[in-house]
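Peer 1: Chains X and L, in that order, are what the protein sequence lines are.
If you read the first sequence in our numbering, its first letter stands for residue 1, the second for the next number, and so on.
If you read the second sequence in our numbering, its first letter stands for residue 709, the second for the next number, and so on.
In short, the hints are calculated from the structure, not lab data.
We put the CB at the ideal spot given by N, CA and C, even for glycine.
Be aware that one or more of the hints could be misleading.
Straight-line alpha carbon distances no greater than 27 Å define the calculated DSSO-like cross-link-like pairs of lysine-lysine that follow [as the list claims (entries may be wrong)]:
hint, chain 1, residue 1, chain 2, residue 2
1, L, Lys803, L, Lys779
2, X, Lys562, X, Lys698
3, X, Lys180, L, Lys783
4, X, Lys239, L, Lys803
5, X, Lys354, X, Lys576
6, X, Lys698, X, Lys606
7, X, Lys77, L, Lys799
8, X, Lys180, L, Lys803
9, L, Lys799, X, Lys239
10, X, Lys239, L, Lys825
11, X, Lys698, X, Lys663
12, X, Lys180, L, Lys799
13, X, Lys77, L, Lys798
14, L, Lys711, X, Lys180
15, L, Lys825, X, Lys180
16, X, Lys219, L, Lys825
Ranges between beta-carbon positions, derived for each pair [to be verified]:
hint, chain 1, residue 1, chain 2, residue 2, range
17, L, Lys779, X, Leu200, 24 to 32 Å
18, X, Asp376, L, Val796, 49 to 57 Å
19, X, Val242, L, Val796, 24 to 32 Å
20, L, Gly752, X, Glu114, 52 to 60 Å
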Amino acid sequence: MTDIHQQAFQEEARELLCELEAALLELENTPDDQELIGRVFRAMHTIKGSGAMFGFEDIASFTHNVETVYDLVRNGKMPVTKELIDLTLSACDQIRKMVEAFDTETVTSDENTEKIVAAFSGLLQDAKAQVSKEKKPDPPEPAVTDDLPSGKEKSLTCRIRFRPHHDIFSYGTNPVLLLKELRDLGVCHVVAHTDAIPELAVIDPESCYTYWDIILTTKQSINAVRDVFIFAEDNCELKIDVIDEGAVVDEDLDYKKVGEILIERGDLSGEDVSKLLGTQKRIGELLVDSGLIDPGKVESALAEQKHVREIRQKKQAAEAAASIRVPAEKLDGLVNMVGELVTLQSRLSQIAGKMADMRLIQIAEDVERLTAELRDNTMSIRMLPIGTLFSKFQRLVRDLSRDLGKEIVLTTEGEETELDKTVIEKLNDPLVHLIRNSIDHGIELPDLREAAGKTKQGHIHLTAEHSGANVFLKIRDDGAGLNIEAIRVKAVEKGLIPPDAVLPEKELFSLIFHPGFSTAQTVTGVSGRGVGMDVVRKSIDALQGSIEIESIRGQGSTVTLKLPLTLAIIDGLLVKIDEQFFVMPLSIIEECVELNREDVAKAHGKKIAEIRGEIVPYIHLRGHFMMGGNTPLIEQIVTARIDGLRIGFVVDQVVGEYQTVIKTLGRAYRNVEEVSGATILGDGQVALILDLPRLMQKAVTVERTVQH
Amino acid sequence: MSKVIMTVDDSASVRQMVCFTLRNAGYTVLEASDGNDALAKLNGATVHMVLTDLNMPNLDGIGLIRALRAKTEFKFIPIVLLTTESQVEKKQEGKAAGATGWIVKPFNPEQLLAVIKKVLG
Chain X
1 MTDIHQQAFQ EEARELLCEL EAALLELENT PDDQELIGRV FRAMHTIKGS
51 GAMFGFEDIA SFTHNVETVY DLVRNGKMPV TKELIDLTLS ACDQIRKMVE
101 AFDTETVTSD ENTEKIVAAF SGLLQDAKAQ VSKEKKPDPP EPAVTDDLPS
151 GKEKSLTCRI RFRPHHDIFS YGTNPVLLLK ELRDLGVCHV VAHTDAIPEL
201 AVIDPESCYT YWDIILTTKQ SINAVRDVFI FAEDNCELKI DVIDEGAVVD
251 EDLDYKKVGE ILIERGDLSG EDVSKLLGTQ KRIGELLVDS GLIDPGKVES
301 ALAEQKHVRE IRQKKQAAEA AASIRVPAEK LDGLVNMVGE LVTLQSRLSQ
351 IAGKMADMRL IQIAEDVERL TAELRDNTMS IRMLPIGTLF SKFQRLVRDL
401 SRDLGKEIVL TTEGEETELD KTVIEKLNDP LVHLIRNSID HGIELPDLRE
451 AAGKTKQGHI HLTAEHSGAN VFLKIRDDGA GLNIEAIRVK AVEKGLIPPD
501 AVLPEKELFS LIFHPGFSTA QTVTGVSGRG VGMDVVRKSI DALQGSIEIE
551 SIRGQGSTVT LKLPLTLAII DGLLVKIDEQ FFVMPLSIIE ECVELNREDV
601 AKAHGKKIAE IRGEIVPYIH LRGHFMMGGN TPLIEQIVTA RIDGLRIGFV
651 VDQVVGEYQT VIKTLGRAYR NVEEVSGATI LGDGQVALIL DLPRLMQKAV
701 TVERTVQH
Chain L
709 MSKVIMTVDD SASVRQMVCF TLRNAGYTVL EASDGNDALA KLNGATVHMV
759 LTDLNMPNLD GIGLIRALRA KTEFKFIPIV LLTTESQVEK KQEGKAAGAT
809 GWIVKPFNPE QLLAVIKKVL G
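Pulled out of the complex, with its shape left as it was, chain L reads as follows (with noise of 0.2 Å):
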């Protein structure tokens, strides 16, 4: 059985992007188009890792970070963060939050690829 990531961003083109290299990687692919969206399609469903951005609408992506570490079921699942590099700040609120990684954009396929390989193994 594939291994489903949920990728959370609030620009579609991202997502697309994201879903892409991911499909063809032979992942299983959720999409969501920010925190609250992603909470909502997330209850109840099997997913084994989640791939944020930082900053969207109705709840960006440390609040989602917190929101999903409080649950029993997203305790300990692999959560990256996608940032902009002047976003030092936010990455260690990220972290402090429960992100478990982090990737830099702009990122290539490959990049994300070796990250997601790295915390989900």
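With the rest of the complex left out, here is chain X (with noise of 0.2 Å):
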């Protein structure tokens, strides 16, 4: 509302006021005066309904109790006394007060408001007990054009049958108009009925004789359809159904027959149509021609079904253009910006904290903010279901369980669960790979799983869930599983472990994915076609993801694979050594604990520490990367767990989490390989990455030779 409107609104009501106040002197002398009292009853009248327009609520509402008891005064419910006069007059000094401090923005003070409006309460309470038959307040009705928008995406169908009164016209409503505004409202057919149109010997040309059948699809709700007749509805006959509701694309194009439609509305009886279908004429003919239904009411039954076919074919074209085509490149490259825009925000936000500026890490915050939603957004433009992974694998499950002569099923689950789609591509060679482990080595052959007490068909099953910023993906069979004698037995003889070590179920089946470790030598006996286990396992650990095996000899195994959701920015842990920064993928990091001299003398050269009653082995960071600088005297210990063992890290310092936005290292650095890429830092320092498996693989393999 512009500042002219309430400064005009001002005026009026100081000279209302005025008027007020004289008119209520006079009052007082002849209190019986109906013209004056009217008067008075206009005045507040005016000023409440105008104060509410121009925004003065208070004023609004407080003079609506003065003019409720004068509009019973005004009825000769209730009498003209001193005391009321001096009220009102009171409540006059008040609204001016009040029209006078929207100017100033003073707050008036409601003590003096509260009293008089409990003043006048008191005052309709007397009348009320007085007049017996007491006047309700009214309910508060809706306003016209609340159109309230109904939820968005949502159309629905409703056939409207529109009957003017005769006299419709002499309350200046004009049908076409109405029918005008349905056709604002969606897409709309409308059908006049003529046949209630007189001879013209006897028209009236002032009365209405058509009638209308609408059918009308429309995004609004069905209220802002029944909102268009709100003005006219007791000038007419107006009946509202829905025919046709929700999102969902209905796969049935075909809409009901013409009798059908019929028969719903009222126009026709059951018995009158199958009477007539013997016949083969079409059924709108038939029934004009028997004369049972007027050819209007056909033809409004034929537009009806014309009108619901087309609908459902666009709702299903809009299904289909509902999504775009992008290539890939152009996400790339929105990725590759928005991660540039998290570095320059880790920066602002560097800054601003350095600062101290109240204001400035405010709008470092805001931004910050802002990132992570756009990342999140962007992130999720990237996604894809996994079921179009999925459900390459039938085809491989089929045609590998024929040549092999086995009988295997395949199901899968969680299609729905979204990838990045770098992700889901390099998903592809590791999950052909298992799945034709599992029906290679897995699933025995039908008599073999008959004898077994097993049923003949074997059943490998594909899972997906989501879990915080991972996915699982699990490849579960109900074949023979593992023999984990097998399996130790081979590691001992490739030196992989001491022949009398004890190594819980879960480590030792993690042996498999060592290389040159051939599970067809080992489990089966049966030639492999070559699938290296050590294959999966570096390409999964290429994605940041973990690989874990669970199998109960004779009823099957299950490969569970982590996944975190995408690859081109992580959560990491920043660490420093030195004076230079790195970063852990955090998703595998478990805690972070102090490592003192103390504890480091007390293991006796070896690097292992006690963390929470557990040996952890440890790998010290400065001396693996043989970097300078003098060790501090407390030292951190950050433990991850890799292939279900606790190893841990010894860094300089523990600096935080950071919101890492991974930059692969160029072609001269390919072949570094405890470190997966690099990232940049607020401060624009360079942080390298930590490849935490691959790190302590090398280690591990480092300590041999130097056993041997």
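Assembling the complex is the task here: the two chains are given apart, and the hints tell you how they should meet.
Peer 2: Written as structure tokens, this is what we have:
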């Protein structure tokens, strides 16, 4: 509302109040003057009505009480007393104060307002006690134009029969405008019925004889449709039926038959239709021929049929167009830019923190929040349902099992689970390996299965599910399971474990991921296809994921892959050695504890530490990377769980969590093994992202060579 | 040619707001301060629609509607009544007298224009 309107109201209110005062004083002398009472009531009414319109709600609600009392006075239900005049005069003063206060924005004393309101309510109570037949407060009316938009994408189709009374024109209502308004709501088919128009000689040109059937499909709610007729509902017969609803695409494009529609509308009875259906003609023609029904009605039913068919067709088309295709490189570009933005934002936060200017910090925080949102959104654009990958495997299972003479069904679950596009692409090969393994070595031949008391048909079950920032993929088969003894023998033979080692099952199973540890020889003795589990493990590592095997001999095995949702940006732990920063992927990190000189001394040169009663081997990164500088008195061990093993990494200082935008290292560094990438920190420094599983493997290998 | 709307209200500020809104929307506006004033100003003038308050001195909204519907030239024009929420029976009375529709006070310019579009096209 513009200020000029408020000023105009203030002017007017001042005038009205003057007039009101004069009228009240006069009324005191001649308490029965109806004309004067009317003047007071009108003045109050105007102040109230206009006040509410120009934002003076307090005045409006206050004046409402006074108006109510004067309404009673006007209707002779309450006498004019000196008390009432006094009270009204003080109310005038109060209103005047409120009008002036609006300019200065000072708050008028609520106490005074309440006192006067209470006094008026008291008068009302008295009047109510006197007048037994009490006027109830009217329920508030909904505003006319309150077209509440309903569920956004839902559309509904309704059938409207609008039959105006003959005299509708004399209310200034134009039915054509109502039809036009319906058209504005959505897709609309209108059929006019002219059968009620009389002979020319008896036509009254000021009457409306036509009536309409309207089929409307709209995204608005049914109430919005009803609101179109809000002024006219007393002047017409109106019937609105919802005949089609919801955003779901109806598979069935064919709508009801004409006869059904007519029966539903009550234009025709069921028997009439079934009687006629024996013959060969089209139902519409039949009905008209038989004289049972007016041609207009049939036309209208046909229009409904056509309309609904069209709408359903359109819905299908819309469903198809709801997504757009974008070249993948555009998305990659977007992700890169978001990555830059995240880097820039962390720089801003860092500088803002240093400058300690509240305003700057606030901006930095807002930017941080927005960037995080933008990042999540951008990532979600790249997400694809894993179902696309799953469906490829059906063929693989079918072909391979037939070649091997096995009967295997593949079932999937969680196809809708979304993963980053690049992750999905890179998952294909390892999954093919794992499924081949299950088919080849896991599931037995039909007769073997029967002998073992299992169903002839083998079963492979693929599941995908979300858990935090990870996706778990499980490949479960009900085959023979892994032969734990065979694995142990092979591992000892290969020198991977000492003959007397006692290892938990999980660690034994994870031995099959070692290069050259061919499953074909160890588990089933069937010569394999050279499917090396080490290749699978390498691919999963490259995806920052992990892999685990569970197996029960004779009942089957389950391989679980844990994968990050995305590869471009990860949550990392920023650590410091000397003056150099490093990032560790947070997903595999368990905890950070201190390591002081005494602990090191106690271990007698062995790189192990006792953490919560458990002996944890660690890698001293400063030593491992041959970095100079002085080791601080208290160092930090960051422990991680890799392949079910706990291992520590010793650093100088743990800085904290860090949103890490992964940049790949250039060509020249392709052979660097222990580093999986790099990131740029807020101050422009480069931090290397450590490949912890690889670091561990390398340390183990070095250890072994030293021992030998 | 722009459509002519007459606004009848004893409150100058409401008239000002209505005029301002309607003129901005491209209508021509005539003003009258009560029913009698309106009838006098309407005599012989071409008006496409009337927007009237209910409570007015001299001749109120209901009286104005009755008087207008009795005239041939105003028999079929849209007449919209401005009411407050506490006047449901008045609304019915207005409807019976031949009002086309109503607007509940307080209203904002958008609501006003929506109703005018609805009855005037």
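Peer 1: Against this structure, judge whether each hint is valid.
Peer 2: Tested hints:
1. With a CA separation close to 17 Å, the supplied pair L/Lys803 and L/Lys779 stays within the 27 Å bound.
2. Among the hinted pairs, X/Lys562 with X/Lys698 is consistent with the structure: their alpha-carbon atoms are about 22 Å apart, no more than 27 Å.
3. At roughly 22 Å between alpha-carbon atoms, X/Lys180 and L/Lys783 fall within 27 Å of each other, so this suggested pair holds.
4. A hinted pair counts as satisfied when its Cα atoms are at most 27 Å apart, and X/Lys239 with L/Lys803 qualifies at roughly 21 Å.
5. For the suggested pair X/Lys354 and X/Lys576, the alpha carbons sit about 20 Å apart, so the restraint of at most 27 Å is met.
6. Taking the CA atoms of X/Lys698 and X/Lys606, the gap is near 17 Å; set against the 27 Å cutoff, the hint holds.
7. A hinted pair counts as satisfied when its Cα atoms are at most 27 Å apart, and X/Lys77 with L/Lys799 qualifies at roughly 22 Å.
8. Taking the CA atoms of X/Lys180 and L/Lys803, the gap is about 23 Å. The hint holds against a cut of 27 Å.
9. For a cut-off of 27 Å, the pair hint linking L/Lys799 to X/Lys239 stands: about 23 Å separates their Cα positions.
10. Our distance criterion of 27 Å between C-alpha atoms is met by X/Lys239 and L/Lys825, whose separation comes to about 24 Å.
11. Only pairs whose Cα atoms come within 27 Å are accepted, and X/Lys698 paired with X/Lys663 is accepted, the gap being roughly 23 Å.
12. Distance hint between X/Lys180 and L/Lys799 is fulfilled; the C-alpha atoms sit about 25 Å from each other, no more than 27 Å.
13. Between X/Lys77 and L/Lys798 the alpha-carbon distance is near 19 Å, which keeps this suggested pair within the 27 Å criterion.
14. A hinted pair counts as satisfied when its Cα atoms are at most 27 Å apart, and L/Lys711 with X/Lys180 qualifies at roughly 18 Å.
15. Between L/Lys825 and X/Lys180 the CA atoms are separated by roughly 11 Å; this keeps the pair inside 27 Å, and the hint holds.
16. A C-alpha spacing of about 21 Å is found between X/Lys219 and L/Lys825, which places the hinted pair at or below 27 Å, so the restraint holds.
17. L/Lys779 and X/Leu200 have their C-beta atoms about 28 Å apart, which keeps the hinted 24 to 32 Å range intact.
18. Taken as a hint, the range 49 to 57 Å holds for the pair X/Asp376 and L/Val796, whose Cβ atoms sit roughly 51 Å apart.
19. The beta-carbon spacing between X/Val242 and L/Val796, approximately 29 Å, falls within the hinted interval of 24 to 32 Å.
20. Here the CB-CB span from L/Gly752 to X/Glu114 is close to 53 Å, well matched to the stated 52 to 60 Å.
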